[in-house]
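Sequences listed follow chains A and B, in order.
If you read the first sequence in this note's numbering, its first letter stands for residue 45, the second for the next number, and so on.
If you read the second sequence in this note's numbering, its first letter stands for residue 2, the second for the next number, and so on.
Hints were generated in silico from the structure; no laboratory data involved.
All C-beta atoms in this analysis are idealised placements derived from N, C-alpha and C, irrespective of residue type, glycine included.
It is possible that part of the hints are untrue.
Derived lysine-lysine pairs resembling DSBU-like cross-links, with alpha carbons at most 30 Å apart [claimed, not checked]:
| # | chain 1 | residue 1 | chain 2 | residue 2 |
| --- | --- | --- | --- | --- |
| 1 | B | K115 | A | K110 |
| 2 | A | K110 | B | K108 |
| 3 | A | K64 | B | K37 |
| 4 | A | K108 | B | K115 |
| 5 | B | K69 | A | K110 |
| 6 | A | K58 | A | K85 |
| 7 | B | K115 | A | K64 |
| 8 | A | K85 | B | K37 |
Distance ranges between label pairs, derived from CB positions [said to hold, decoys possible]:
| # | chain 1 | residue 1 | chain 2 | residue 2 | range |
| --- | --- | --- | --- | --- | --- |
| 9 | A | L118 | B | D59 | 28 to 36 Å |
| 10 | A | K99 | B | M54 | 20 to 28 Å |
| 11 | B | D79 | A | G60 | 31 to 39 Å |
| 12 | B | G16 | A | K99 | 45 to 53 Å |
| 13 | A | G97 | B | S29 | 26 to 34 Å |
| 14 | B | V20 | A | S117 | 41 to 49 Å |
| 15 | B | T31 | A | P84 | 30 to 38 Å |
| 16 | B | E6 | A | N114 | 33 to 41 Å |
| 17 | B | R76 | A | F83 | 23 to 31 Å |
| 18 | A | P52 | B | N53 | 35 to 43 Å |
| 19 | B | K57 | A | S53 | 42 to 50 Å |
| 20 | A | K58 | B | D17 | 44 to 52 Å |
| 21 | B | E6 | A | W54 | 29 to 37 Å |
| 22 | B | Q58 | A | S127 | 45 to 53 Å |
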Amino acid sequence: GAVVSQHPSWVICKSGTSVKIECRSLDFQATTMFWYRQFPKQSLMLMATSNEGSKATYEQGVEKDKFLINHASLTLSTLTVTSAHPEDSSFYICSARDRANTRNEQFFGPGTRLTVL
Amino acid sequence: GEDVEQSLFLSVREGDSSVINCTYTDSSSTYLYWYKQEPGAGLQLLTYIFSNMDMKQDQRLTVLLNKKDKHLSLRIADTQTGDSAIYFCAEKVRWVGGSQGNLIFGKGTKLSVKP
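Here chain A stands alone, though its shape is the one from the complex (with noise of 0.2 Å):
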């Protein structure tokens, strides 16, 4: 149980599109997704935490008109990172809290790497 996925898996595209990311998670019910970036041999730095049928938490520093999020159901986030730029070129996971859990333990999913030209 507590699978959580990412679609797509990888990602190329060019500078100036925008592209969207989705995070499912497969086998409970979400009310919490948090999207964090990964840059090479770093740790994960929070996005942005995702309320479902809620506007999205920004962290400090991070833009929300360029990285869209929309947590519209109980299993679906979406990120959508709009006119890419190669700096946005990173390994980008979700993780989704399962409200039944008592330990409100966050569950990963697998990453999505994104390489902007």
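Given chain A, put chain B in place with the hints provided.
Just chain B now, with coordinates in the frame of chain A:
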């Protein structure tokens, strides 16, 4: 602010024990976690410990928590080549900015297991 520190590299021989150390700063952390990340993959939860415990054992994994010193360690017994990965320590803090109950990660310790 909240911070989690780990050493960046650890190299051991197959069959030896590995000990990965971590220090954290938020004394109000309720849970502390160890995650494993294999190359190109997401994070896999290995184990966790609640802050009122000082030790937890799960098969080859032993977690020790020294709450006074804010020190957490992960011991892997009989380390295998398949254990080669990056191990992240994470603390669950009560409040970070506008987000409640988020995880703060260390930079990760790259474990290399030599045959």
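Status of the hints after comparison with the structure:
A hinted pair counts as satisfied when its Cα atoms are at most 30 Å apart, and K115/B with K110/A does not qualify at roughly 43 Å. Taking the CA atoms of K110/A and K108/B, the gap is about 26 Å. The hint holds against a cut of 30 Å. With a CA separation close to 26 Å, the supplied pair K64/A and K37/B stays within the 30 Å bound. With a C-alpha separation of about 44 Å, the suggested pair K108/A and K115/B falls outside the 30 Å cut-off, and the hint is violated.
Distance hint between K69/B and K110/A is unfulfilled; the C-alpha atoms sit about 42 Å from each other, more than 30 Å. Distance restraint check for K58/A and K85/A: the Cα-Cα separation of roughly 24 Å lies within the 30 Å cut-off, and the hinted pair is therefore satisfied. Simply put, K115/B and K64/A have alpha-carbon atoms about 40 Å apart, too far for the 30 Å limit, and the pair is violated. Note on K85/A and K37/B: the hinted pairing holds, with a Cα-Cα distance of about 14 Å set against a maximum of 30 Å.
Between L118/A and D59/B the beta carbon distance is about 30 Å. The supplied range of 28 to 36 Å therefore holds. For K99/A and M54/B, the hinted distance range of 20 to 28 Å is not satisfied, since their beta carbons lie about 37 Å from each other. With their beta carbons about 52 Å apart, D79/B and G60/A fall outside the hinted range of 31 to 39 Å. Taken as a hint, the range 45 to 53 Å holds for the pair G16/B and K99/A, whose Cβ atoms sit roughly 52 Å apart.
For G97/A paired with S29/B, a C-beta distance near 29 Å keeps the hint of 26 to 34 Å intact. Against the hinted window of 41 to 49 Å, the Cβ-Cβ separation of V20/B and S117/A comes to about 43 Å, which satisfies the hint. Remark: the range hint 30 to 38 Å for T31/B to P84/A is upheld by a beta-carbon distance near 31 Å. Roughly 35 Å separates the CB atoms of E6/B and N114/A, a value that falls within the hinted 33 to 41 Å.
Distance hint check: the CB atoms of R76/B and F83/A are about 29 Å apart, consistent with the given range 23 to 31 Å. At about 42 Å, the CB distance of P52/A to N53/B agrees with the hint of 35 to 43 Å. Remark: the range hint 42 to 50 Å for K57/B to S53/A is contradicted by a beta-carbon distance near 33 Å. At roughly 48 Å, the beta carbons of K58/A and D17/B sit within the given window of 44 to 52 Å.
In this structure the hint that E6/B and W54/A lie 29 to 37 Å apart at CB holds, the actual value being about 31 Å. Taken as a hint, the range 45 to 53 Å holds for the pair Q58/B and S127/A, whose Cβ atoms sit roughly 50 Å apart.
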